[in-house]
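K.L.:
Sequence:
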Amino acid sequence: MSEHRIDLGMQPIRDGEMRRLDLDGNAAVLARVDGEFYTFRAACTHYGGPLDKGVLKGHTVMCPWHHACFDIRSGSRLEPPALNDLPTYSVRMEGREVVITIPDSSSAQPASEAQADHRSFVIIGGGAVGNAAAEELRRTGFRGKITIVSAVPQVPVDRPNLSKDYLDGNAKPEWMPLRDAGWYSEHNIELRLNTRVTAIDPNVYSITLEDSNTIQYDRLLLATGAVPRRLNAPGMDLDGVFTLRSMADADAIIAAATENSRVVIIGASFIGMEVAASLVGGRKVAATVVSPETTPFARIFGERIGQLFKHEHETQGVQFKLESEVTQIVGRNGQANGVELASGEFLQADFVVVGIGVSPSTDFLKASGLNMDAHDSSVRVNALLQTSAPDV
174 MSEHRIDLGM QPIRDGEMRR LDLDGNAAVL ARVDGEFYTF RAACTHYGGP LDKGVLKGHT
234 VMCPWHHACF DIRSGSRLEP PALNDLPTYS VRMEGREVVI TIPDSSSAQP ASEAQADHRS
294 FVIIGGGAVG NAAAEELRRT GFRGKITIVS AVPQVPVDRP NLSKDYLDGN AKPEWMPLRD
354 AGWYSEHNIE LRLNTRVTAI DPNVYSITLE DSNTIQYDRL LLATGAVPRR LNAPGMDLDG
414 VFTLRSMADA DAIIAAATEN SRVVIIGASF IGMEVAASLV GGRKVAATVV SPETTPFARI
474 FGERIGQLFK HEHETQGVQF KLESEVTQIV GRNGQANGVE LASGEFLQAD FVVVGIGVSP
534 STDFLKASGL NMDAHDSSVR VNALLQTSAP DV
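Each step along the sequence shown adds one to the number in this note's numbering, with nothing skipped, and position 252 is 425.
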């Protein structure tokens, strides 16, 4: 335990203000709210964003990088994508001095341990939502059985980073899991990996797996997310044509992205633009983005911001073919080697990445009797995210 005294002197902290402190190598933030002082670790528990550069509203601090939120009184995590609570330190006033005490160990409180309970909570989907749900159940005291059923072979990973640091080579594979396998064992959360669900039957409270085995549940959470949309054009099934959803998808793109290779990216979506930036900046690949829009992101952010994104990408070497549509992906001996545009122009490529949006991953629910949207096959829910079936 170490004690630190900060003389505010002629620089008092105003209400609603945050100030970064260096406490013998420990970066901390001193904040004042309603006349009371609070101190907490300066680095966000997600990716280490500087919380002193974030937003303080009431007793909530928001990280400037990915908008994780914490209660500065307790350190409790209020909003994702952070998984862990924020270490906080005791603080008191002595005259003009703020006295901060940092314990030897300032890690967040562990989740509640599971004990005997006959209830079973099954989560279908091994992404961020399924992982967060399992963590929250344990944190809030649920002591029954928790099972995460995931179609992918890895523990839940930081999927948004697949198109960023992982794809450009700045993140190692071992950095990607949200939690290591030991964490799930420690918290008595069963992982059924590489396991696909083929059906659910809300009438008998069971799910069916692709090997025909079934799992009974008392409560079921559907957290399957989405699947990438396929290009409705010839050539989508050629070798060297990729979408990006899983770690395996990212690994396949990385294997194809040899230095000085050429890629055509179909779609100027978040995925398409991030893939382009990562491959050009980190893999030294020549990238061309093809999209029917006149300006990337214009519908979301407006023309000016869209042009800014386009300019930043062009500065890094990304080329654009906007107001263009791909009529087919062309291949030779089963391997993609370019795309043909509606204008008749042919763009050579060593591989192709398709990023044209996603659709709900709900095919396995079609015979479930759940109330689903006829247009996009999404599941209809109420304000509490409850489906038309009890306990789902």
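Hints should not be assumed to be uniformly reliable.
Straight-line distance between alpha carbons at most 20 Å, and here's what the computed SDA-like set of lysine to any residue pairs gives [to be verified]:
1) K318 / V328
2) K230 / A216
3) K230 / G198
4) K318 / W356
Pair by pair, the computed Cβ-Cβ distance ranges are [claimed, not checked]:
5) G314 / L382: 26 to 32 Å
6) D412 / L481: 48 to 54 Å
7) Q508 / D353: 34 to 40 Å
None of these hints come from the bench; they were simulated from the model. All C-beta atoms in this analysis are idealised placements derived from N, C-alpha and C, irrespective of residue type, glycine included.
K.L.:
Could you run down the list of hints and mark each one as holding or not?
P.N.:
Now for the hints, and whether the structure bears them out:
no.	hint	in the structure
1	K318 / V328	18 Å, holds
2	K230 / A216	18 Å, holds
3	K230 / G198	27 Å, violated
4	K318 / W356	15 Å, holds
5	G314 / L382: 26 to 32 Å	29 Å, holds
6	D412 / L481: 48 to 54 Å	36 Å, violated
7	Q508 / D353: 34 to 40 Å	37 Å, holds
The structure fails to meet hints 3, 6 from the earlier list, while all remaining hints are met.
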